[in-house]
Each structure stands twice: as structure tokens, then as C-alpha cells.
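Undergrad: Take the sequence shown: its letters are residues 92 to 296, numbered as in my numbering.
By construction, these hints were calculated from the structure, which means they are not laboratory data.
Here the structure is a predicted model, which means the values were calculated and not measured.
Heads up, some of the hints might be wrong.
What the hints assert, rightly or not - List of simulated lysine-lysine pairs, PhoX-like, C-alpha gap at most 20 Å:
| no. | residue 1 | residue 2 |
| --- | --- | --- |
| 1 | LYS203 | LYS164 |
| 2 | LYS134 | LYS180 |
| 3 | LYS134 | LYS186 |
| 4 | LYS250 | LYS226 |
| 5 | LYS240 | LYS180 |
| 6 | LYS203 | LYS162 |
| 7 | LYS240 | LYS268 |
| 8 | LYS203 | LYS186 |
| 9 | LYS288 | LYS145 |
| 10 | LYS240 | LYS167 |
| 11 | LYS167 | LYS286 |
| 12 | LYS286 | LYS162 |
| 13 | LYS203 | LYS167 |
| 14 | LYS226 | LYS134 |
| 15 | LYS186 | LYS207 |
| 16 | LYS288 | LYS250 |
| 17 | LYS101 | LYS134 |
| 18 | LYS180 | LYS203 |
| 19 | LYS250 | LYS145 |
| 20 | LYS134 | LYS183 |
| 21 | LYS268 | LYS288 |
| 22 | LYS164 | LYS286 |
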Amino acid sequence: MQPYTNHDEKTIEDLLAEPSAEYTIQDYLSWQFDEMVELIRGKVFRMSPGPNTKHQVASGFLFSTIYHFLKGKQCKCFHAPFDVYLPIKHPKTGKPNTVVQPDITVICDPQKISEKGCEGSPDMVVEIISDSTRKKDIQIKFELYEECKINTYWLVFPKEEIIEIFELNATGKYERKGGYSDDDELDSAILPGLKMKVSDVFDMN
92 MQPYTNHDEK TIEDLLAEPS AEYTIQDYLS WQFDEMVELI RGKVFRMSPG PNTKHQVASG
152 FLFSTIYHFL KGKQCKCFHA PFDVYLPIKH PKTGKPNTVV QPDITVICDP QKISEKGCEG
212 SPDMVVEIIS DSTRKKDIQI KFELYEECKI NTYWLVFPKE EIIEIFELNA TGKYERKGGY
272 SDDDELDSAI LPGLKMKVSD VFDMN
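Could you put together the complete structure from these sequences and hints?
TA: Structural data, given as C-alpha cells:
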């Protein structure tokens, strides 16, 4: 992100204190704060503070497994911080106003990958749930990712050691494929051949 240099020298607290204010991707690119934020439909959302150990274990395993599985293939895997510019615009001004940072992003269209991040909807996202992001990930981002036609959405719950998988159905709505735990085996329709056990995702040993 580029330095936020307007004369007001606003902080994240200033932005959050203005519930009626709406911002654009252009605003987002001008900000530089001590912590990361996301912009969803023009509204600013704080990212989770430093992730805990179980979050890091799950994130590290999933990224490493998917990244190495995709080596030499067209689809590519990225982990946060990585900007994903979604095709959402203000209904009146038409200005793009949504950029998020999923924990893990899979992109199969190389034309969407740029120096900025992912420009357009990726094919798969993974969000690792924490107490501070639960509502955003389960409700706000769920609806956002569904609207943006992101094929596959994994919700990872480190505390419960459960992974829920949603995939778009023929009507363009997310359909829950299941909740997986213990020695259940995970797979993905957009990553045929990828297999992993849920217990391995959360293994601290």
C-alpha cells in the first residue's frame, strides 16, 4: 500500500468513527496504517490482530500443501497479505469499492494476477476464523464471495478443528458440501487430485 498523505492525517479510528462515510479502492491505495484493513462495499474493516498459534499452524499447512500441489500447474496459490480486488462498485458512482485479503487465495486465470494482487474474482478462498473476524467471515464475506461468483469457499475453525466447504451450485448460490473434522479427507472441485486429512491441518506436532 502507498502512504496515506492527505492533510487530515486520518487514522483507522477516524475512519471507523464515520459510519456513513464510504471509500473507494483509490482511497485504499493511498492509506498506510500500522495494521492492515479491508474495504468491503466502501466500508473499512480491521483485519484480525496477530493470529494465534493454531491459526498459524492451519494457515501454514494449508498454504504449503496447496502451493506445492499447484507447482507447475496453471492455478496459483497466495497467502495474506495479498490484495484481492473484487468486482464490486458503488451503485451510484460506479467506483470500485471492495478489496479483501483472504488468508489463502487460489487463482486459475493468470490474467487476473498483477503486481497489485488479484484483479477480479479468484477461484477459491480460505478464511481462518478467529473470534474477532467470525461475523465478517461467516456472514459478510460469505455473501460477498457468493455474489462475486468465487467457486469455492473454505471456512476453517481452529478452535473447533472443523473445516466447512461451500461450492457454487447451478443457480450461483453457495451449497454446503459438508463440515469436516478428525480424519475426514478434504478435496476441492477446482483442485482435482488434492487430498488432505483435517487432522493434519491442525496437527501441532
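Undergrad: Each hint needs a verdict: does it hold in this structure or not?
TA: How the hints compare with the structure:
1. Annotation: proposed proximity of LYS203 to LYS164 holds, straight-line Cα distance about 16 Å (limit 20 Å).
2. For a cut-off of 20 Å, the pair hint linking LYS134 to LYS180 stands: about 12 Å separates their Cα positions.
3. Proximity of LYS134 to LYS186 is assessed by CA-CA distance (about 13 Å); at most 20 Å being required, the pair is judged to hold.
4. The hinted pair formed by LYS250 and LYS226 meets the criterion: a straight-line CA distance of about 15 Å does not exceed 20 Å.
5. The hinted pair formed by LYS240 and LYS180 meets the criterion: a straight-line CA distance of about 15 Å does not exceed 20 Å.
6. A hinted pair counts as satisfied when its Cα atoms are at most 20 Å apart, and LYS203 with LYS162 qualifies at roughly 18 Å.
7. Restraint check for LYS240 and LYS268: satisfied, since their Cα atoms lie roughly 16 Å apart, inside the 20 Å limit.
8. A distance of roughly 19 Å separates the Cα atoms of LYS203 and LYS186; the hinted pair therefore holds under the 20 Å criterion.
9. For the suggested pair LYS288 and LYS145, the alpha carbons sit about 16 Å apart, so the restraint of at most 20 Å is met.
10. Between LYS240 and LYS167 the alpha-carbon distance is near 18 Å, which keeps this suggested pair within the 20 Å criterion.
11. Taking the CA atoms of LYS167 and LYS286, the gap is about 17 Å. The hint holds against a cut of 20 Å.
12. For the hint linking LYS286 to LYS162, the alpha-carbon distance of about 15 Å falls within 20 Å, and the restraint holds.
13. Restraint check for LYS203 and LYS167: the C-alpha separation of about 11 Å stays at or below 20 Å, so the hint holds.
14. Only pairs whose Cα atoms come within 20 Å are accepted, and LYS226 paired with LYS134 is accepted, the gap being roughly 15 Å.
15. With a C-alpha separation of about 18 Å, the suggested pair LYS186 and LYS207 falls inside the 20 Å cut-off, and the hint holds.
16. Restraint check for LYS288 and LYS250: satisfied, since their Cα atoms lie roughly 17 Å apart, inside the 20 Å limit.
17. Restraint check for LYS101 and LYS134: the C-alpha separation of about 15 Å stays at or below 20 Å, so the hint holds.
18. Distance hint between LYS180 and LYS203 is fulfilled; the C-alpha atoms sit about 18 Å from each other, no more than 20 Å.
19. Annotation: proposed proximity of LYS250 to LYS145 holds, straight-line Cα distance about 8 Å (limit 20 Å).
20. Taking the CA atoms of LYS134 and LYS183, the gap is about 15 Å. The hint holds against a cut of 20 Å.
21. The hinted pair formed by LYS268 and LYS288 meets the criterion: a straight-line CA distance of about 16 Å does not exceed 20 Å.
22. As the CA atoms of LYS164 and LYS286 are separated by approximately 16 Å, the hinted pair is consistent with the 20 Å bound.
The structure meets every hint from the earlier list without exception.
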